[in-house]
Amino acid sequence: MNKKRSIETEQDLINALEEFVCDVSEDEPIESIDAELQSLGYDPDEIGTKFHELALQALADSPLNWRNRARIELAGARDKLERINKPDLNALDLPGLIDALRQALRKLGYSNPSLAPAQFRNFEQATKSDLVSLLLQVEYLSSGRDPEEDN
Amino acid sequence: MEEDLVIDRGDANLNTELFQQLQTQNWEDISKRLMLYAIKRAQRYGWIDSDTKLLYGGDFTVDDVVQEVVLKTLSGEWNRIPSEISLFPWLKYRVNSVMDHWINSKFRKHEIPFADEDLNEEAGEKSDSIEVEDAEDIYATEPEVELLDKEKAQEISAEVSHLFEAISGDPELEQLVDNIMRTGEKRPRYVAEGMGTTVSDINNRKKRLYRHLRQLNAQVNERQPDEQKTLN
Chain A
1 MNKKRSIETE QDLINALEEF VCDVSEDEPI ESIDAELQSL GYDPDEIGTK
51 FHELALQALA DSPLNWRNRA RIELAGARDK LERINKPDLN ALDLPGLIDA
101 LRQALRKLGY SNPSLAPAQF RNFEQATKSD LVSLLLQVEY LSSGRDPEED
151 N
Chain B
1 MEEDLVIDRG DANLNTELFQ QLQTQNWEDI SKRLMLYAIK RAQRYGWIDS
51 DTKLLYGGDF TVDDVVQEVV LKTLSGEWNR IPSEISLFPW LKYRVNSVMD
101 HWINSKFRKH EIPFADEDLN EEAGEKSDSI EVEDAEDIYA TEPEVELLDK
151 EKAQEISAEV SHLFEAISGD PELEQLVDNI MRTGEKRPRY VAEGMGTTVS
201 DINNRKKRLY RHLRQLNAQV NERQPDEQKT LN
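Chains A and B, in that order, are what the protein sequence lines are. Throughout the first sequence, residue numbering follows this note's numbering, covering 1 to 151 in sequence. Throughout the second sequence, residue numbering follows this note's numbering, covering 1 to 232 in sequence.
Among the hints, erroneous ones may be present.
[To be verified] Pair ranges (Cβ atoms, derived):
1. Leu148/B with Glu26/A: 18 to 26 Å
2. Asp43/A with Gly184/B: 18 to 26 Å
3. Ala70/A with Glu84/B: 21 to 29 Å
4. Pro29/A with Glu84/B: 44 to 52 Å
5. Leu147/B with Asp61/A: 19 to 27 Å
6. Pro29/A with Leu148/B: 55 to 63 Å
7. Arg78/A with Glu17/B: 27 to 35 Å
8. Glu193/B with Glu46/A: 48 to 56 Å
9. Ser157/B with Arg67/A: 55 to 63 Å
10. Glu222/B with Ser39/A: 19 to 27 Å
11. Ser6/A with Thr197/B: 53 to 61 Å
[To be verified] Facing chain A, according to a computed beta carbon distance under 7 Å, are these residues of chain B, among others:
12. Phe19
13. Gln20
14. Arg33
15. Tyr37
16. Lys72
17. Val160
18. Leu216
[What the hints assert, rightly or not] Calculated pairs, BS3-like style, for lysine-lysine (alpha carbon to alpha carbon, straight line, at most 25 Å):
19. Lys92/B with Lys106/B
20. Lys106/B with Lys53/B
21. Lys50/A with Lys53/B
22. Lys72/B with Lys50/A
23. Lys150/B with Lys106/B
24. Lys50/A with Lys152/B
25. Lys128/A with Lys107/A
Hints listed in this document are in silico derivations from the structure and should not be mistaken for laboratory results. Cβ coordinates follow ideal geometry from the N, Cα and C atoms, glycine included.
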């Protein structure tokens, strides 16, 4: 915007002067900006307060905010978990659930370190809801696995 | 809905850097400067109604433009690589782009009906209409274009004469205009250096010159039909 351009015509001159007077820089003191806004019929304090609040809210809600990123990723993972066929799991009895869990673990491979808590769990002492929850988590891990890895 | 907000994990570092930078800015200060910039720009093109503060088209203000820019910037909807362009010039560029886009959208809604449109409608036919911009392309013939160019050149020439007349009692403004004319330099810091004065002095002169230009602009706009007050 402020690049030097040679002024050859009257149109160039008007354009250059307009660019000069209409530009607002970061270096100008804020008091001067406030005074100009006031002279143009705007309330600088009102503008400042309004946009300060707007920016705070927008920053809090921004997907760039790592807190929101984590929340969004968590929501995405929950959504994926929800999509796993829950009713069938609930229909299984305890031995059926244990069997399904062992099969799912075998499918994922025993060397997977994220499965350690499930590997060493005593399934026979767990409640049905614990087993359903555990099976959902194992199936979730299984669903995120690259099919190429199975080959 | 949430899927729209999912961030590409590959951009996580850039997003973190961007967010940290945005978070540490003084948005109260930035917004005031952007507002002033947007008001001046809208006034420059005669797009703003000084009484209602509405922009051409009638249902949005410069506040709306600046709000759009701030929100889309803070939401990360518009990508900016901090190492490539600093924030404030980028925000001004975005103000230009939103303002132009909204004004143009309004402008395109002003359609010119064909003279026989009523007849077509009576006959149950689909009415045809063309946009103002298209209409200019279709109807303008070369001699008319030349005439328009000549008129425009005369207007600018008159504007320059009026400007020199208006500032003739103010040697500081005459000196400033002369400097810009000779050097083409518009950045206050460099103008001040070139004229051996302070930036603050140049900013004061700038405000006086701005008032003169707005008065001239208002006079020119009064003489123009509505459709010529849009994008220059």
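Measure nothing beyond the straight line between the CA atoms of Lys72/B and Lys50/A; if it is 25 Å or shorter, mark the hint as holding. 16 Å, holds
If I claimed the Cβ atoms of Leu147/B and Asp61/A lie 19 to 27 Å apart, would that claim hold in this structure? 54 Å, violated
Are Lys72/B and chain A close enough, Cβ to Cβ, to be under 7 Å, as the hint says? Hint on Lys72/B: violated, closest Cβ of chain A at ~9 Å, above 7 Å.
Take a look at whether the Cβ-Cβ distance between Ser6/A and Thr197/B falls inside 53 to 61 Å. 23 Å, violated
Is the Cα-Cα distance between Lys50/A and Lys53/B 25 Å or less? Judged against 25 Å, a Cα distance of about 17 Å means the pair holds.
For the pair Pro29/A and Glu84/B, does the Cβ-Cβ distance stay inside 44 to 52 Å? 28 Å, violated
Return holds or violated for the Cβ distance of Pro29/A and Leu148/B against the range 55 to 63 Å. Given range 55 to 63 Å: violated, Cβ gap about 43 Å.
Please verify that hint: Phe19/B, Cβ, nearest Cβ of chain A, below 7 Å or not. Holds: closest Cβ of chain A sits about 4 Å from Phe19/B, inside 7 Å.
Taking the CB of Ser157/B and the CB of Arg67/A, does the distance hold inside 55 to 63 Å? For Arg67/A against Ser157/B, whose Cβ atoms are near 59 Å apart, the range 55 to 63 Å holds.
Taking 21 to 29 Å as the hint, is the beta-carbon distance of Ala70/A and Glu84/B inside that range? 28 Å, holds
Taking the Cβ atom of Leu148/B and the Cβ atom of Glu26/A, is their distance within the range 18 to 26 Å? 39 Å, violated
Beta-carbon spacing of Glu193/B to Glu46/A - inside the hinted bounds 48 to 56 Å or not: 36 Å, violated
Of the numbered hints given earlier, the model fails hints 1, 2, 4, 5, 6, 8, 11, 13, 16, 18, 23 and 24; all others are met.
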